[in-house]
Amino acid sequence: MLTSSYIGVFNIMPRGIILHTADNVATLIDPARDGQTCTLQGEVAGQVIARQDIAFGHKICIAPIPLGANVLKYGQVIGRATRAIAAGEHAHVHNVDSARARGDRQERQEVRP
Amino acid sequence: MSKTFLGFRRGHGPAGVRNGIAVISVMDNCNPATRAIAQAVDATLAVTTSFVRGQFGADLEFALDSLAGLGRNPNIAGVLLVGLEESSTEEVARRIRPAGKPVEVVHLQPNGTIECVAQGTRLAARMVRQASQMRRQPCPMSDLVMGVECGGSDTTSGLSCNPTIGRAADRLIDAGGTVIISETSEFIGAEHLFAARAVDATVRQAFLNAVQGMEAMAVARGVDMRDSQPAPDNKRGGLSTVEEKALGALAKAGKSPLVGVLSYGQAPARKGLHFMDAPSGAVENLTGLAAGGCQLICFGTGVGNPIGNMVAPTIKICGNVNTVHSMRDNIDFDVSAIFESSAKIADLGDQLYDYVAEVGSGTRISSEILNIRETAVSRFERSL
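Read top to bottom, the protein sequences are chains A and B. Per the working numbering, the first sequence starts with residue 135, numbered consecutively. Per the working numbering, the second sequence starts with residue 715, numbered consecutively.
Please keep in mind that the hints were generated in silico from the structure rather than gathered at the bench. On a predicted model such as this, the values are computed, not experimentally measured, just so you know. Any given hint could turn out to be false.
Pair ranges (Cβ atoms, derived) [to be verified]:
hint : chain 1 : residue 1 : chain 2 : residue 2 : range
1    : A       : T155      : B       : V913      : 28 to 36 Å
2    : B       : T1077     : A       : Q186      : 40 to 48 Å
3    : A       : Q186      : B       : P852      : 35 to 43 Å
4    : A       : T216      : B       : D756      : 50 to 58 Å
5    : B       : V913      : A       : R217      : 40 to 48 Å
The beta-carbon is built from N, C-alpha and C at its ideal position, and this holds for glycine as well.
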């Protein structure tokens, strides 16, 4: 069943997948270099310029996310921005934080019904 | 679309997709004898276990039920139990006998390892000869109980291989079969979407109790789940939070309604989509699924996790083009064409469903061929 060929780093326009119209991040399915224009496809089409190198499979911010705002993927909340994230920035554990199962915060997070 | 697979009919129960003899350790101290017997006899499967000795209460019940469930699995033609002494071995044997397959026992006490292994080897060899007389016959797809699992997940898991598995899961349920999804902690952040699919309030509440109970336990113990969910390899693969991982993991369950909630290793009592409350570690999770009667498991991976289950063939599915190349010996079903050539998830899901029927009919997969298979029954409490 192994059929595909490796494309990865040689792709000229890195591709990002947007899963929902409300999303403010896209998932890159090619690695992106700083300054490269990424083509966005999926539920919304468009382009965004990467502001830094971003690895295959990682997320790129496609709309400005203020500090403390929800990060949205699949049209769902996947965490909160721990600082303002600009379009084109890498959105990952250094600026996105889980709101769930946080025993380290000493307070019980509210669980959605 | 496949309507049948070639399986081994087992009396009135569902058919098996394999016809092995399971050599099962009743407790940890029997593992060396179990391995020696399985090594000596072809077509046997060594099912080893940690602990059991010294376990008590509900934890002991889980352990004995799970070991027996592996023996009851339709893929197993007969069971040889390797125990320390008679009373504990009988505890497992009596749980397997209702399945109506041969159950033999050997003990380390009082004659020691050499006698136990010699006797066990002879019994296992006889059982294999008998089992090999059985022939595959066409069986309905509705006979299948399929586990869905993911491990070594990355962002491609949620976008490609898990939705493909979900499509195949829906096809199986449409055909009257059963699907079990588990990994309780991997629902945190997406449980509201899955709960909405429950057929009634009882099922919905049982599911939410499992997920929220897991989260409450983590919070009560002061655990910062960010350290383990997502795991470091998940983070390297682009997953940032447990919520993001959960939304992708959920895709394995397709779109069917949730009809039942199972405890670890419990077999479903009806057809359709079930949730099993089980830990997310692949080895102990796969063990729970196989103990619950799954004859096959579809396992989506992103950055790559090679492990399979001893009793239930574990099909490795991958949508990450890099992993498909770097771990090609471990991947059975490549869905990287979803990104690389715009293949449709629905089409690949239908192909995966047909591949499940092929594997069910005897096509061997990487974890079997390379024998990269493990067993670990979950442990929930301390031992005495």
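Here is how each hint holds up against the structure:
1. A:T155 to B:V913: 28 to 36 Å: Holds: the Cβ-Cβ distance is about 30 Å, inside 28 to 36 Å.
2. B:T1077 to A:Q186: 40 to 48 Å: Holds, at about 45 Å.
3. A:Q186 to B:P852: 35 to 43 Å: 57 Å Cβ-Cβ, so the 35 to 43 Å window is violated.
4. A:T216 to B:D756: 50 to 58 Å: Because 57 Å falls inside the window, the suggested range holds.
5. B:V913 to A:R217: 40 to 48 Å: Given a distance of about 43 Å, which is inside 40 to 48 Å, the answer is holds.
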